[in-house]
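Same order as they appear, the protein sequences are chains A and B.
Heads up, the first sequence is in the UniProt record's numbering, so the first residue is 1 and it goes up one at a time.
Heads up, the second sequence is in the UniProt record's numbering, so the first residue is 1 and it goes up one at a time.
Since the hints were derived computationally from the structure, they do not count as laboratory data.
Treat the hints with care, as some may be off.
Stated by the list, open to error - Below are the DMTMM-like pairs computed for lysine to aspartate or glutamate, each with C-alpha atoms no more than 20 Å apart in a straight line:
#, chain 1, residue 1, chain 2, residue 2
1, B, Lys350, B, Glu336
2, A, Lys165, B, Glu167
3, B, Lys10, A, Glu153
4, A, Lys139, B, Glu345
5, A, Lys165, B, Glu5
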Amino acid sequence: MNVARNVAGEVTADGRTLGGTLMDLRNITLRFGGVTAIKDISFDIREGEIRAIIGPNGAGKSSMLNVISGFYNPQEGEVWFRGDRRGPMRPYQVARLGIARTFQNIALFDGMSVLDNIMTGRLTHTRSGLLDQAIWWGKAQREENAHREKVEEIIDFLEIQRIRKTPVGRLPYGLKKRVELARALAAEPKLLLLDEPMAGMNVEEKEDMSRYILDVNDEFGTTVALIEHDMGVVMDLSDRVVVMDYGRKIGDGTPSEVRNNQAVIDAYLGVAHD
Amino acid sequence: MFYREAGDFKTRYADDAQSFPIAFDRYRYYAVMVLALGVVPFIVNDYWANAVLLPFLIWSVAAIGLNILTGYCGQVSLGTGGFMAVGAFACYKLMTAFPGLNIGIVVLLSGGVTAGVGVLFGLPSLRIKGFYLAVATLAAQFFLVWLFNRVPWFYNYSASGQISAPERTVFGVPVTGPNTDAWATYLFCLVFLIGAAWLARNLTRGAVGRSWMAIRDMDIAAEIIGVNPLRAKLTAFMVSSFLVGIAGALFFSVYLGAVEVGEAFGIQKSFLVLFMVIIGGLGSIFGSMAGAAFMVLLPVFLKNLLVGGLGWDTALAAHFELVIVGGLIIFFLIVEPHGLARLWELAKEKLRLWPFPH
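Pulled out of the complex, with its shape left as it was, chain A reads as follows (with noise of 0.2 Å):
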C-alpha cells in the first residue's frame, strides 16, 4: 500500500545522499474539541536528513511534534513510520518504535544524576525482567554495563564527562540541554525530535548545540526533525524546511526555497493592506 515518494539515493546539492521515506505523515488534522491545532497537513521525512518545522507563534509546531512521538493522536490522516503505518499509539509505544525527543521546556528527571538520567533513554532496549534484577547478579548486571558502555559514548560525544555524577537540579541550562540531549540520544533513535533545541541561548552555545546537531546527523546517521525559532540556525542546518501557519502549511522545500516563498514571506514580515 505504502507508496514511498522518495527513493533513496538522491544526492543533494551539497553532495550528501539522501535516503528514502523515513517518516510520513499524510493528511494530518489535529482538533482540540472545537479548535483546529493542524489542517490537513501533508509532509514526509526523508532518512538521514535535518528536517525544520517552523512558522510563527501558536502555529501548531509542537502540536505536530507531538503528533509524530505519539503524545496526541490526529482525528484525520495516517502517520506512516519506515514503510507501515502507524496506528493510535501510547507515546511509551513509539518510543519503542524508535523515536525520541527532547522538550520545548526541559523535561529532565530532577531527582536524578545526570548519568542515571541518560540511562533511561536505554530503557526502551532492557531485555531482563523483574526477577533478573531482583537477582541482579548475571544477566541483569551483564545488561547495565552494556548500557553503561553505550552511555559513556554518548557522554563522551556531548563532551559532559566531569558532569555525570552531579544531580541534574544543580546544573545551569545550557548543560541540561545537552543532558537532555543525550538521553534521547542514548536510546539511538532512527528519529529524533528536537522541540527548540536552542531557546534561551547565548550565541555560543547555539554555535555548540549547532554544531552537536550536525555531529548527530553525520556520525550517527541519525534523522532529525527539529522546531526553532532561530532562522540563521534553522536556515544554516536543515535541509528541508516545513512553514506552518494557523494550523496550516505554508510552504515546504531547501531553506532557499523557503525564503523566496511569498507566503512564508507574509507570514513573518505581515501583508500590507491598502
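Here the structure of chain A is known, so what remains is to put chain B in place on it, guided by the hints.
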C-alpha cells in the same frame, strides 16, 4: 584510612556501580554485618529483642516496602496497615492450612499474596495521582481491616475474632509461638531485613528503579522516553506490597503472636510507616531503616530517660513521650526536610573533604 574516592581508581563500570564505591564505606558495611550476624545474637536478651530489635527489624522491612512505592515511584499510599494485615492473615491461613510448611516459606508466600492484593489496589493509580491516590489507598486500608473483621473464614471462626500463631520451627529452633528464644527470633527477622534491603537495592539501582524514578519525577516525560506507566506503577505496587506483606507476617507471627486486626493494623500503623519514610528520607534504603530506628527507638529511649532516669510517673511519662516525639518530628522536618538520609549524605560529603575543607 580516609573516607574519599581519591586514589581509588575504578577500571570497570561494574566497580563504579557497586553499592559502596568508597572503600571506607565498604569496610564499615562489612563491620555492621559482622556485628549484626555474629555478635548481637550472642548477647541479645528478651528485653532488647522485644522492645528494640524486633520492632526495628520488622518496621524497617515495612518502611523499605513503602519507600519503594512512595519514595522511588512517587505514589503516596496510606494503605500500609491494611497490606500488613493481608500479610498477617495470609500467614495465619497458610500456617493453619499447611502445618508442615516451613515458616520461612510461609512468610514469603504471605508476601506474594499481599503483592497480588497490592497490584489490585494499585490499579486506580493509573488514573488518579497525588492526594487523590492517597485517599484511594485509604479506602484499601479501611476495606481490608473491615474484611478481616467481618469474614470469619479469615480467623478460622475463632470466638474472639483473634488470630494467634502456632509454634513453628526453623532447623528445629522455634521462631513463632510462646517458647521462642530472643536470638532465634532476632536472626529470623534479620535475615528478612537483609533480604529486603538487598532486593530493594538491586531493583532500584537498575532499569526498573530508573523507570520508577522517572515516573516519580515527571510522568509525561517518562512515558515519552519509553516507560510504560502501567507497568512501572504496578511493579512498584507489587514489590512494595510484597515487602509490606512480609513485614505484616513477621509482625503477627514472630513479634506479637496473637493479633486483633483493628488494633494491630489500624490506620495509625499506616501513618507510622509513612512517618518513618518521610523522616528517614524518601528514596533511600538507608533512610527507611534510619526512620524506623527513629520511630521505634525514640519512644523506648524517652521512656527509659523519663521513668528510669528522672523518676517520673509512668502515665505522665507516656503522655509526654508523645509530645516530645511529635515535637522532634517537626524539628527534624524543619531542619532537614529530606530526612535523616540527607543528613547522612551531608555528613559524608563533609567527611570527603576533612580535615582540609578549603
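Results for each hint:
1. Taking the CA atoms of Lys350/B and Glu336/B, the gap is near 16 Å; set against the 20 Å cutoff, the hint holds.
2. About 51 Å separates the Cα atoms of Lys165/A and Glu167/B, which puts this hinted pair outside 20 Å; it is violated.
3. Restraint check for Lys10/B and Glu153/A: the C-alpha separation of about 17 Å stays at or below 20 Å, so the hint holds.
4. About 31 Å separates the Cα atoms of Lys139/A and Glu345/B, which puts this hinted pair outside 20 Å; it is violated.
5. Between Lys165/A and Glu5/B the alpha-carbon distance is near 13 Å, which keeps this suggested pair within the 20 Å criterion.
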